[in-house]
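J.: Sequence:
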Amino acid sequence: MPADMPSPHADRLRLDPVTPRLAPMFGFALLTVACALASFTLACATPFAAFAVVAAAMLPLRQAALVVAGAWLVNQTIGFSVLHYPVDGSTIAWGFVIGAAALLATAVSCTVLRMLPQGRTPLMLAITFVAAYAAYELALLAATPFLGGEGAFTAAIVARIGLTSAIWLAGLVAACEIVRLVDPFGRKVQSA
Numbered sequence: 000m001p002a003d004m005p006s007p008h009a010d011r012l013r014l015d016p017v018t019p020r021l022a023p024m025f026g027f028a029l030l031t032v033a034c035a036l037a038s039f040t041l042a043c044a045t046p047f048a049a050f051a052v053v054a055a056a057m058l059p060l061r062q063a064a065l066v067v068a069g070a071w072l073v074n075q076t077i078g079f080s081v082l083h084y085p086v087d088g089s090t091i092a093w094g095f096v097i098g099a100a101a102l103l104a105t106a107v108s109c110t111v112l113r114m115l116p117q118g119r120t121p122l123m124l125a126i127t128f129v130a131a132y133a134a135y136e137l138a139l140l141a142a143t144p145f146l147g148g149e150g151a152f153t154a155a156i157v158a159r160i161g162l163t164s165a166i167w168l169a170g171l172v173a174a175c176e177i178v179r180l181v182d183p184f185g186r187k188v189q190s191a
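Position 174 of the sequence shown, counting from 1, maps to 173 under numbering that gives the first Met the number 0, and the rest follow consecutively.
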């Protein structure tokens, strides 16, 4: 496809900081760096719902899921190797549950974005975030009868983590918009 022809996928993108060809790599780099920062600052409260929304707003489902899975792998690697998470069955199982919940949030984000009117409006991303965060938290809650941890699901904790995730979403969207405006990859030159 010529550089000046928009991708058929481009119509439905909510965030397009780079050309569609570079979007998977940019999304992976953005979420990997964000995940590393979040892993060190938030440890077990990494904002995977925010990551899911950003990935879904930039990429088709398959690529978004791969990017989010990559971010989850970075999180788990940092957790077990640097933050010294205990290496036991429960912790490992929770790691996989978190990964599955992040992928569910990604699928929900892609579905919601497809159903909502087009445009990069903050309202559309906010609605998508609410759905993704609800799916993420419900998936985690569903694992508590088997893995324990019900105490982590008080209204105060869920609200605090939700607010933190919303702030991360705003920061990630701002980063995407800055990259789009600065155009470090020559997007405007390619399309001229």
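These aren't lab readings, by the way, just hints derived from the structure by calculation.
Keep in mind that a hint or two might mislead.
Simulated restraints on C-beta separations [said to hold, decoys possible]:
1. Ile-166 to Ala-68: 19 to 25 angstroms
2. Met-114 to Val-157: 29 to 35 angstroms
3. Leu-115 to Gly-88: 37 to 43 angstroms
4. Ala-155 to Leu-122: 22 to 28 angstroms
5. Asp-87 to Glu-176: 41 to 47 angstroms
6. Ile-91 to Ile-126: 30 to 36 angstroms
7. Ala-174 to Leu-72: 19 to 25 angstroms
8. Met-24 to Gln-117: 20 to 26 angstroms
9. Arg-20 to Thr-153: 42 to 48 angstroms
10. Ala-155 to Ala-28: 31 to 37 angstroms
11. Ala-28 to Val-157: 27 to 33 angstroms
Where a beta carbon is used, it is the ideal one built from N, C-alpha and C, also for glycine.
J.: None of the hints should be skipped; say for each whether it holds.
T.: Evaluated hints:
1. Ile-166 to Ala-68: 19 to 25 angstroms: Distance hint for Ile-166, Ala-68 holds at roughly 23 angstroms.
2. Met-114 to Val-157: 29 to 35 angstroms: violated (25 angstroms)
3. Leu-115 to Gly-88: 37 to 43 angstroms: holds (40 angstroms)
4. Ala-155 to Leu-122: 22 to 28 angstroms: At 26 angstroms between Cβs, range holds.
5. Asp-87 to Glu-176: 41 to 47 angstroms: holds (42 angstroms)
6. Ile-91 to Ile-126: 30 to 36 angstroms: holds (34 angstroms)
7. Ala-174 to Leu-72: 19 to 25 angstroms: holds (21 angstroms)
8. Met-24 to Gln-117: 20 to 26 angstroms: Distance hint for Met-24, Gln-117 holds at roughly 24 angstroms.
9. Arg-20 to Thr-153: 42 to 48 angstroms: holds (45 angstroms)
10. Ala-155 to Ala-28: 31 to 37 angstroms: holds (34 angstroms)
11. Ala-28 to Val-157: 27 to 33 angstroms: holds (30 angstroms)
Checked against the numbered hints given earlier, the structure breaks only hint 2 and satisfies all the rest.
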